[in-house]
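Those protein sequence lines, which keep their order, are chains A and B.
Quick note: the first sequence, position 121, residue 121 per my numbering, numbers continuous.
Quick note: the second sequence, position 41, residue 41 per my numbering, numbers continuous.
Note that these hints are calculated values from the structure, not bench results.
Check the hints yourself; a few may be wrong.
[Stated by the list, open to error] Here are some of the chain B residues that sit facing chain A, going by a computed Cβ distance under 7 angstroms:
(1) E5
(2) F25
(3) E30
(4) D36
(5) G50
(6) Y58
(7) P59
(8) R60
(9) M61
(10) E63
(11) A65
(12) N70
(13) V72
(14) F270
[As the list claims (entries may be wrong)] To give an idea of the chain B side of the interface with chain A (calculated C-beta under 8 angstroms), a few residues:
(15) V2
(16) F34
(17) T143
(18) P146
(19) G218
(20) T274
(21) V277
[As the list claims (entries may be wrong)] Pairwise CB distance ranges, derived in the manner of DEER restraints:
(22) R63(A) / E154(B): 58 to 66 angstroms
(23) K65(A) / D201(B): 36 to 44 angstroms
(24) H238(A) / T293(B): 49 to 57 angstroms
(25) T18(A) / T105(B): 28 to 36 angstroms
(26) D36(B) / M1(A): 53 to 61 angstroms
(27) D7(A) / M302(B): 32 to 40 angstroms
(28) R206(B) / E235(A): 18 to 26 angstroms
(29) E176(B) / A75(A): 40 to 48 angstroms
(30) R39(B) / L151(A): 48 to 56 angstroms
(31) E120(B) / L16(A): 18 to 26 angstroms
Since the structure is predicted, the reported quantities are computational estimates derived from the model, not experimental observations.
The C-beta atom is built at its ideal place from N, Cα and C for all residues, glycine as well.
If you want the building blocks of each chain, they are given just below.
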Amino acid sequence: MTKYIRDFIIEDNIRLNTEYFILNIRSEEALPDMYPGQFVEIKVENTDGVFLRRPISIYGIDREKQTINLLIQKAGKGTTKLAQHKQGDKLNIIFPLGNSFTAPERKGKVLLVGGGVGVAPLPFLAEYLVDKGMEVEFLLGFRNSDLLVDLKNFEKYGKVNLSTDNGTAGEKGTVMDNSVLKEELLPFVKVYTCGPNIMMKAVAAFVEARGIECEASLENTMACGIGACLCCIQETIHGNVRVCIEGPVFNTKELIW
Amino acid sequence: MVNTEVNIGGGLKFKNPVSTASGCFGYGYEYDDFIDVGRLGAIFVKGTTGSKREGNPYPRMAETASGMLNSVGLQNKGVDHFIKEIYPRVKDYNTHIIVNVSGSTVDEYVEVTEKLSDLEKIPAIELNISCPNVREGGMVFGTHCPSAMMVTREVRKAWKRSLIVKLSPNVTSIHEFAKAVEGEGADSISLINTLLGMAIDAKTRRPVLATVTGGLSGPAVKPVALRMVWQAYHAVKIPIIGLGGIMNATDAIEFMLAGATAIQLGTANFIDPTVSVKVIEGIEAYCREHGITDVNELTGGMISD
Ligand SMILES: Cc1cc2nc3c(=O)[nH]c(=O)nc-3n(C[C@H](O)[C@H](O)[C@H](O)COP(=O)(O)OP(=O)(O)OC[C@H]3O[C@@H](n4cnc5c(N)ncnc54)[C@H](O)[C@@H]3O)c2cc1C
Ligand SMILES: Cc1cc2nc3c(=O)[nH]c(=O)nc-3n(C[C@H](O)[C@H](O)[C@H](O)COP(=O)(O)O)c2cc1C
Ligand code: FES
Chain A
1 MTKYIRDFII
11 EDNIRLNTEY
21 FILNIRSEEA
31 LPDMYPGQFV
41 EIKVENTDGV
51 FLRRPISIYG
61 IDREKQTINL
71 LIQKAGKGTT
81 KLAQHKQGDK
91 LNIIFPLGNS
101 FTAPERKGKV
111 LLVGGGVGVA
121 PLPFLAEYLV
131 DKGMEVEFLL
141 GFRNSDLLVD
151 LKNFEKYGKV
161 NLSTDNGTAG
171 EKGTVMDNSV
181 LKEELLPFVK
191 VYTCGPNIMM
201 KAVAAFVEAR
211 GIECEASLEN
221 TMACGIGACL
231 CCIQETIHGN
241 VRVCIEGPVF
251 NTKELIW
Chain B
1 MVNTEVNIGG
11 GLKFKNPVST
21 ASGCFGYGYE
31 YDDFIDVGRL
41 GAIFVKGTTG
51 SKREGNPYPR
61 MAETASGMLN
71 SVGLQNKGVD
81 HFIKEIYPRV
91 KDYNTHIIVN
101 VSGSTVDEYV
111 EVTEKLSDLE
121 KIPAIELNIS
131 CPNVREGGMV
141 FGTHCPSAMM
151 VTREVRKAWK
161 RSLIVKLSPN
171 VTSIHEFAKA
181 VEGEGADSIS
191 LINTLLGMAI
201 DAKTRRPVLA
211 TVTGGLSGPA
221 VKPVALRMVW
231 QAYHAVKIPI
241 IGLGGIMNAT
251 DAIEFMLAGA
261 TAIQLGTANF
271 IDPTVSVKVI
281 EGIEAYCREH
291 GITDVNELTG
301 GMISD
């Protein structure tokens with residue numbers, strides 16, 4: 001798949017809460033094919049201590065408007081700088097990067113499990129799966145009700161089950177405590193997950209034990225994002241592979257984690 | 001018209017002084033989407049060893065002020081895989097493919113070199129005696145002068161084409177090493193490899209890299225690299241390929257003024273995958289602006305009054 005380096009123009013910067021914001025960025029040229037799970041690498045300009053690009057998942061795209069949506073959490077220096085950008089500012093982007101989630105072999109219900117900013121790739125994935133005739137359900141976990149994302153963007157694809165650590169929204173506890181995982185398991189043909197490693201591991205172990213296929217999108221520290229530096233490795237049954245090329249999406253059975 | 005051709009020694013010429021550094025440009029094809037890699041003077045591919053290596057555990061990278069630390073180690077699938085799978089894919093690029101030869105023992109360096117000898121379209125090897133990220137071998141050869149001489153001597157016997165020896169900056173007197181490998185038959189030297197460094201996460205009180213220490217690269221190392229190129233230039237007669245923190249054409253020109261005949265771009269490729277072409281064009285523009293008709297006039301052209 002061809003990768004591009006392009007300047008995008010920021011159309012909108014929407015603050016969702018104290019930590020999360022959405023950047024809507026527009027390309028002057030038509031967007032190439034992009035698939036759910038893929039990410040972009042953003043150059044953060046003129047920020048002390050930020051030298052490398054920052055990898056961010058594709059949250060959504062609008063082909064007609066030639067825009068990409070990114071859901072970003074202020075995690076440190078680079079993302080805090082991105083949060084300050086205004087409409088009309090330019091961002092230099094390398095995209096689309098990495099592999100993508102795959103649809104299950106047979107039609108049925110699928111569960112998309114996200115934690116925190118790890119929910120970012122899920123709406124784009126849901127759109128893709130609905131298109132393929134799947135029935136989509138979400139299980140989303142956040143720390144508390146002040147740190148929710150725009151749930152409407154999820155609800156338009158399927159039912160949203162919500163968990164917060166302190167119970168201020170949805171059920172109390174982690175996603176693993178949510179009743180959707182308690183039911184005589186699992187009418188699902190495949191489960192997808194993205195979020196903190198500890199959450200993804202728990203989800204994968206639970207799902208695999210029930211003979212259901214699971215794909216996870218991993219986070220990793222990256223330098224190049226295009227397969228050249230070998231900084232972003234993940235240990236798998238096939239040896240050390242690059243998260244930016246062979247990932248970020250892996251069948252959890254292949255991971256040694 | 002500016003003449004951009006430079007002579008690297010041992011019968012090797014680059015059509016322009018700009019090449020890409022080992023470990024920072026994959027095998028070239030990773031950059032095909034962004035640039036015509038055939039425009040480069042040369043591509044130095046990832047360190048290649050006798051057999052497959054998995055490299056070091058994760059995490060292997062830490063961003064630093066104006067640079068990065070890496071502890072990738074010599075992850076590669078081994079020389080046989082290079083010959084069978086990679087060489088056929090890269091041999092017809094309109095540029096030189098130079099293999100960075102790495103190892104833990106002299107025998108391993110020689111084994112890799114001998115196998116590469118059969119590949120017609122590998123005009124040169126770069127002997128990596130300076131990797132800070134392998135426990136044995138690697139940097140040990142590059143920081144102990146008699147060892148550097150021995151491995152250069154043995155590889156020289158096994159390699160008839162152009163031999164580039166890549167020096168470690170983790171030494172007190174770079175000129176001694178430059179002279180020593182010149183004496184053993186190196187056709188040119190490249191410097192610098194990464195500087196040994198480390199990073200600690202104060203929040204967790206733990207090292208950031210799984211290996212604790214790693215190699216520093218990027219603009220943070222540029223003044224050190226420039227100084228070493230200049231010192232080496234005054235110590236040897238063979239050509240010097242300068243690298244370390246070069247981010248743009250101006251940086252590249254500074255390395256040439258310090259004594260480099262050609263340069264390599266490493267970490268810069270991660271931030272801008274098109275940087276190498278910009279540097280080629282920038283050097284030419286500089287020459288035109290300054291009435292320089294041959295890029296070789298830049299080499300060692302620093303004015304000290
Ligand atoms: C494939 C991929 C997709 C991603 N998608 C998104 C996304 O859609 N939205 C989003 O908000 N974030 C996403 N991330 C994480 C995002 O890249 C990091 O949060 C960001 O790089 C932090 O940069 P910073 O300069 O703000 O933080 P820094 O100042 O560099 O660091 C602040 C803190 O964040 C930690 N950190 C830095 N980089 C990473 C990383 N890559 N992974 C985990 N922790 C990190 C550091 O250890 C430090 O504790 C993704 C990461 C990857 C690899
Ligand atoms: C991720 C990474 C991997 C590297 N791998 C190698 C290698 O395999 N062999 C080698 O000789 N140098 C290797 N290097 C060193 C570079 O080739 C170069 O000497 C160094 O990074 C300094 O140049 P720069 O500041 O332009 O990056 C590596 C550097 C980085 C950042
Ligand atoms: S980030 Fe460089 S290989 Fe993945």
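Outcome of the hint check:
1. E5: At 27 angstroms from the nearest chain A Cβ, E5(B) fails the 7 angstroms test, so the hint is violated.
2. F25: With a minimum Cβ separation of about 6 angstroms from chain A (threshold 7 angstroms), the hint on F25(B) holds.
3. E30: Status holds, d = 4 angstroms.
4. D36: For D36(B), the interface hint is violated, since the closest Cβ of chain A sits about 14 angstroms away, which is over 7 angstroms.
5. G50: Violated, because the Cβ-Cβ distance from G50(B) to chain A comes to roughly 17 angstroms (cut-off 7 angstroms).
6. Y58: Since chain A brings a Cβ to about 6 angstroms from Y58(B), closer than 7 angstroms, the hint holds.
7. P59: With a minimum Cβ separation of about 6 angstroms from chain A (threshold 7 angstroms), the hint on P59(B) holds.
8. R60: Cβ of R60(B) sits 5 angstroms from chain A, so the hint holds.
9. M61: Cβ of M61(B) sits 4 angstroms from chain A, so the hint holds.
10. E63: holds (5 angstroms)
11. A65: holds (6 angstroms)
12. N70: holds (6 angstroms)
13. V72: holds (5 angstroms)
14. F270: This interface hint holds because 4 angstroms falls under the 7 angstroms limit.
15. V2: violated (27 angstroms)
16. F34: holds (6 angstroms)
17. T143: violated (24 angstroms)
18. P146: violated (31 angstroms)
19. G218: Status holds, d = 6 angstroms.
20. T274: holds (6 angstroms)
21. V277: Cβ of V277(B) sits 12 angstroms from chain A, so the hint is violated.
22. R63(A) / E154(B): 58 to 66 angstroms: holds (59 angstroms)
23. K65(A) / D201(B): 36 to 44 angstroms: Distance hint for K65(A), D201(B) holds at roughly 41 angstroms.
24. H238(A) / T293(B): 49 to 57 angstroms: holds (53 angstroms)
25. T18(A) / T105(B): 28 to 36 angstroms: This hint is violated: roughly 56 angstroms between Cβ atoms.
26. D36(B) / M1(A): 53 to 61 angstroms: Hint violated: Cβ distance 19 angstroms, outside 53 to 61 angstroms.
27. D7(A) / M302(B): 32 to 40 angstroms: Because 36 angstroms falls inside the window, the suggested range holds.
28. R206(B) / E235(A): 18 to 26 angstroms: holds (19 angstroms)
29. E176(B) / A75(A): 40 to 48 angstroms: holds (46 angstroms)
30. R39(B) / L151(A): 48 to 56 angstroms: With a Cβ separation near 50 angstroms, R39(B) and L151(A) satisfy 48 to 56 angstroms, so the hint holds.
31. E120(B) / L16(A): 18 to 26 angstroms: Violated, since E120(B) and L16(A) (Cβ atoms, about 59 angstroms apart) do not stay within the stated range.
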